[in-house]
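Colleague: As a plain string of letters, each chain reads:
Number of protein chains: 2
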Amino acid sequence: MADLFETHRALLTRAVEATAERGFWSAYPETPSGRIYGETAKQDGEAAFNARLGKPFALPGHPADRGTVGAETSPYGPALDIAYPAASVDALIAASAAAGKGWAAATVEQRVGVCLEILARLNRRSFEIGNAVMHTTGQAFVMAFQAGGPHAQDRALEAVAYAWAEMTRTPATVEWSKPQGKGDPLVLEKRYRIVPRGIALTIGCATFPTWNGYPGMFASLATGNTVIVKPHPTAILPLAITVEIGREVLAEQGFDPNVLLLAADAPGAENTKELATRPEVAIVDFTGSNAFAGWLRANLKDAALYTEEAGVNSIVVASTDDFAGMCANIAFSLSLYSGQMCTAPQDVFVPRGGIETDQGHKSFDEVAQGIAAAVDKLLADPARAIGVCGAIASPATVARVEAAAGLGRVVRPSLPIPGFDEARTATPLILAVDASETDTHLEERFGPIAFVVATDDVADAIARAAGAARARGAITAAAYATDDTTLDAAADAFAAAGVNLSCNLTGGIFVNQSAAFSDYHVTGANPAGNACLTDAAFVANRFRVATVRRPKAA
Amino acid sequence: MADLFETHRALLTRAVEATAERGFWSAYPETPSGRIYGETAKQDGEAAFNARLGKPFALPGHPADRGTVGAETSPYGPALDIAYPAASVDALIAASAAAGKGWAAATVEQRVGVCLEILARLNRRSFEIGNAVMHTTGQAFVMAFQAGGPHAQDRALEAVAYAWAEMTRTPATVEWSKPQGKGDPLVLEKRYRIVPRGIALTIGCATFPTWNGYPGMFASLATGNTVIVKPHPTAILPLAITVEIGREVLAEQGFDPNVLLLAADAPGAENTKELATRPEVAIVDFTGSNAFAGWLRANLKDAALYTEEAGVNSIVVASTDDFAGMCANIAFSLSLYSGQMCTAPQDVFVPRGGIETDQGHKSFDEVAQGIAAAVDKLLADPARAIGVCGAIASPATVARVEAAAGLGRVVRPSLPIPGFDEARTATPLILAVDASETDTHLEERFGPIAFVVATDDVADAIARAAGAARARGAITAAAYATDDTTLDAAADAFAAAGVNLSCNLTGGIFVNQSAAFSDYHVTGANPAGNACLTDAAFVANRFRVATVRRPKAA
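First to last, the sequence lines map onto chains A and B.
With the UniProt record's numbering as the guide, the letters of the first sequence map in order to residues 1 to 554.
With the UniProt record's numbering as the guide, the letters of the second sequence map in order to residues 1 to 554.
It is possible that some hints are incorrect.
One copy or any two copies: either way a pair holds, since identical chains are not told apart in the list.
[To be verified] Once the Cα atoms are required to be at most 20 angstroms apart in a straight line, the calculated SDA-like pairs of lysine to any residue come out as:
#	residue 1	residue 2
1	K552	W25
2	K55	S26
3	K552	D484
4	K552	G325
5	K273	K301
6	K301	A282
Rather than coming from a laboratory, the hints here were simulated on the basis of the structure.
Predicted model only: the values in this text are computed from it and were never measured.
All chains, full assembly: derive it from the sequences and hints.
Modeller: Laid out in structure tokens, this is it:
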């Protein structure tokens with residue numbers, strides 16, 4: 001049997017270094033290129049995806065006492081018509097618990113080796129997973145490939161690297177020798193054993209099933225917990241493929257494949273609450289709404305809970321020396337995946353009296369108009385528009401966009417992307433409001449809905465944006481200013497509100513983007529989430545240390 | 001102003017190394033000797049303690065809108081009659097929040113320097129604190145000095161070392177440079193800011209106010225949170241002195257002394273629940289009963305909760321090649337501080353058919369009798385007995401001992417220690433029961449109450465002991481066996497139950513003892529507590545990281 005740990009040791013070592021350095025580093029190439037992934041990778045991935053459609057999804061040995069479930073429909077049109085094994089919560093818990101003993105007894109190297117091999121195989125399947133992500137979430141293909149494939153794999157590797165570092169930061173054995181004056185020292189031999197928590201539940205989301213799901217899943221696996229993956233009922237396939245690959249590696253290495261289980265369910269008949277509150281479930285990772293996270297907080301007893309929730313992300317526009325670049329950058333951030341990213345901005349706070357720019361003074365309306373015009377320009381070509389915006393994951397989002405049009409003065413209407421009639425599409429709706437007149441922009445409105453918000457001045461803009469983050473949560477913030485005083489004030493205010501801040505982005509970096517090994521995604525310090533993907537705190541409490549000590553002759 | 005960080009940097013560096021090495025290391029000498037602490041340290045400490053009695057305890061600048069409180073009585077007899085400033089929860093929260101801004105803005109070095117200076121001064125005051133611990137908890141003086149002074153300081157230093165390591169494991173700034181094929185790379189400058197959680201509450205216990213209180217308190221302080229110390233109403237003085245010293249150092253360094261507050265209250269009118277559930281309180285450290293910990297779990301919303309609770313600690317006696325040494329070691333563990341340690345064993349599981357020893361076969365009764373006789377021998381001299389057992393902290397414990405006498409066959413009765421009539425004393429009650437007939441030994445019975453429990457065989461003994469740990473919690477376990485097979489089985493069973501195990505202790509190391517920088521006190525993996533004092537997980541989530549990133553010319 002291959003020693004998977006040795007096979008992947010160099011990658012792990014480099015990943016651990018990268019978590020400490022925090023400069024740019026990526027293990028899995030983000031370019032969907034045949035030169036990297038193989039000449040036929042694109043076609044093979046598409047074919048593999050197409051071969052899944054209209055069939056049962058086989059997971060040999062997986063509990064399936066409830067038959068099958070599956071009701072996924074591509075936001076681009078067709079139903080996927082895939083039937084996943086469905087299991088009762090009792091069966092899932094029993095299988096997971098039974099698999100746990102052998103997994104807990106594995107060495108740290110064995111478990112980490114398995115995780116790294118799973119990631120290697122996931123990477124090779126990135127085109128297939130990209131198609132699966134595209135046709136469950138509505139992401140355009142390139143984003144689905146990148147965020148659902150290599151970027152998600154990077155985030156998973158990051159979690160494995162943190163887990164490895166935490167589990168090996170102290171020796172496995174030590175001789176403890178306490179001097180006793182002139183007498184012989186007291187000597188104990190101590191062995192430190194890594195003890196997992198038990199069963200971990202990963203609750204996936206509808207928009208980034210792998211990117212958001214992998215960190216908790218791999219952190220829990222590496223630290224010896226068994227994992228039940230509960231996908232969102234509209235985005236099962238990417239996680240089902242992941243579970244399939246994981247189970248293959250586990251079985252090959254002699255472990256019970258039920259270390260990794262899929263808890264597929266049907267819309268309206270979700271098993272999430274029943275699963276999460278089972279006493280055997282010791283860890284819950286959740287990505288989704290504040291409301292459900294609140295339910296989990298109120299109803300979990302002893303389980304550790306790691307959440308990424310929703311928030312209201314803001315941009316403060318105080319001044320700029322590149323008005324066109326600023327508008328283009330904001331336009332892209334608003335348009336990318338039609339604002340369905342947890343990192344997408346919703347509110348752009350602009351002083352009521354306008355701002356100074358390289359193009360002279362711009363009134364509030366000119367700023368709003370500038371952003372709207374940049375969106376129009378970005379999305380003028382429908383083929384490009386669909387490549388940026390993708391499709392809308394949920395019909396509820398389209399309805400929300402329609403309803404939102406009355407919430408302010410429409411600067412730019414949301415429109416479908418012409419020529420893609422089967423796809424559910426909506427370009428950004430941009431509304432202008434005045435913070436002195438309404439709070440409507442302070443409510444999270446998921447999807448392509450943005451507010452340009454008039455404030456008294458720059459200080460008011462910063463205070464309102466940071467206040468929204470503190471009260472409603474925020475995962476990102478951006479600020480534009482030509483002076484350091486303003487940027488420093490924004491940095492202080494957003495740091496106090498627990499938000500990561502991007503300043504003066506005008507080029508090829510966007511506030512939405514969060515890079516593994518460098519950016520701490522979600523601070524865990526405001527209502528948008530209680531944990532960060534990924535840092536030491538995200539991993540260190542997923543296992544415990546139990547010591548055995550015994551006297552040793554001095 | 002002295003650069004406290006530089007003053008103590010070498011100690012910190014050594015402490016960080018020690019947390020990684022986990023061999024024996026201690027920063028603060030445990031011997032209450034004039035050669036170490038100064039010729040007159042003992043008398044000075046006693047005098048300082050005596051000077052506190054019958055007076056108001058002054059904390060300049062501390063909120064005191066409720067006058068004073070204080071009703072401490074020494075378990076050795078006299079009332080302390082000290083009046084501490086009493087503040088409303090509103091006043092405490094307001095003062096703590098107001099102090100928080102400056103403390104959060106301090107550099108990591110400033111905060112860690114302050115913590116280390118507080119510890120240096122606490123160490124010099126170890127005799128005074130030893131007296132304060134003795135006359136609030138009932139510990140004998142040497143234990144009160146050691147556990148309440150240097151050992152508690154070591155635990156605090158350990159927490160500071162972990163905090164330092166976690167806060168500095170990644171760079172404060174980094175240049176992130178992402179290659180763009182033949183084009184210029186995308187370059188961002190990123191600054192990572194340490195953001196505290198807010199207000200931390202440390203809820204002290206009645207028996208080890210400093211040893212159990214310091215880790216959370218110092219971990220929170222070092223990571224930038226303000227701390228409200230809520231002492232147990234019967235053991236305020238040791239923490240009041242600690243707060244006094246802390247406030248002195250804070251004020252000297254230009255910080256608001258209200259970074260560290262004392263929430264003294266009166267028995268029957270505790271402010272704990274009101275404090276813990278205030279939304280401003282982001283961290284709660286608690287040592288005490290499972291019942292109150294359960295209340296906190298049910299009632300805290302977003303605050304991070306770290307608990308050390310109660311459990312049922314067990315010893316498995318399978319065989320021994322040093323029967324006398326085993327009995328003497330167990331006798332000491334049962335007697336030390338009259339079983340009032342969270343690490344004290346309660347149940348000694350022995351096969352019904354007896355065990356093999358270096359003195360030949362010993363029946364169950366002979367094992368029970370051997371332990372009882374060793375207790376008698378240890379405590380034969382009253383002066384030595386009071387030095388080992390100390391006094392009983394709470395009258396409820398004496399009542400519990402009296403009531404427990406009917407729970408089994410009395411192998412050794414509990415008796416007061418003769419000649420110390422003013423002190424509340426009780427030597428160990430030892431009862432014999434059969435596990436096939438009763439579960440009475442599975443209920444935690446705090447104080448000098450021990451059960452020798454007959455089991456079917458060794459495997460049954462291990463299973464019952466580990467089962468008790470899993471169901472009721474346990475902080476320690478011990479096993480005696482001459483064969484590795486039994487010890488390995490015990491190690492597996494107790495590790496799976498999340499308990500630290502000590503094997504074949506016969507000499508000068510006792511199962512009760514937990515050494516800073518080496519032993520992970522409380523695993524956090526069973527109902528005896530959800531956290532460990534101290535590991536990375538205990539510290540890493542007390543702060544968060546907020547990033548500021550901005551483009552940089554390549």
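Colleague: Just pull the numbers of the violated hints for me, sorted ascending.
Modeller: Those not satisfied come down to hint 2.
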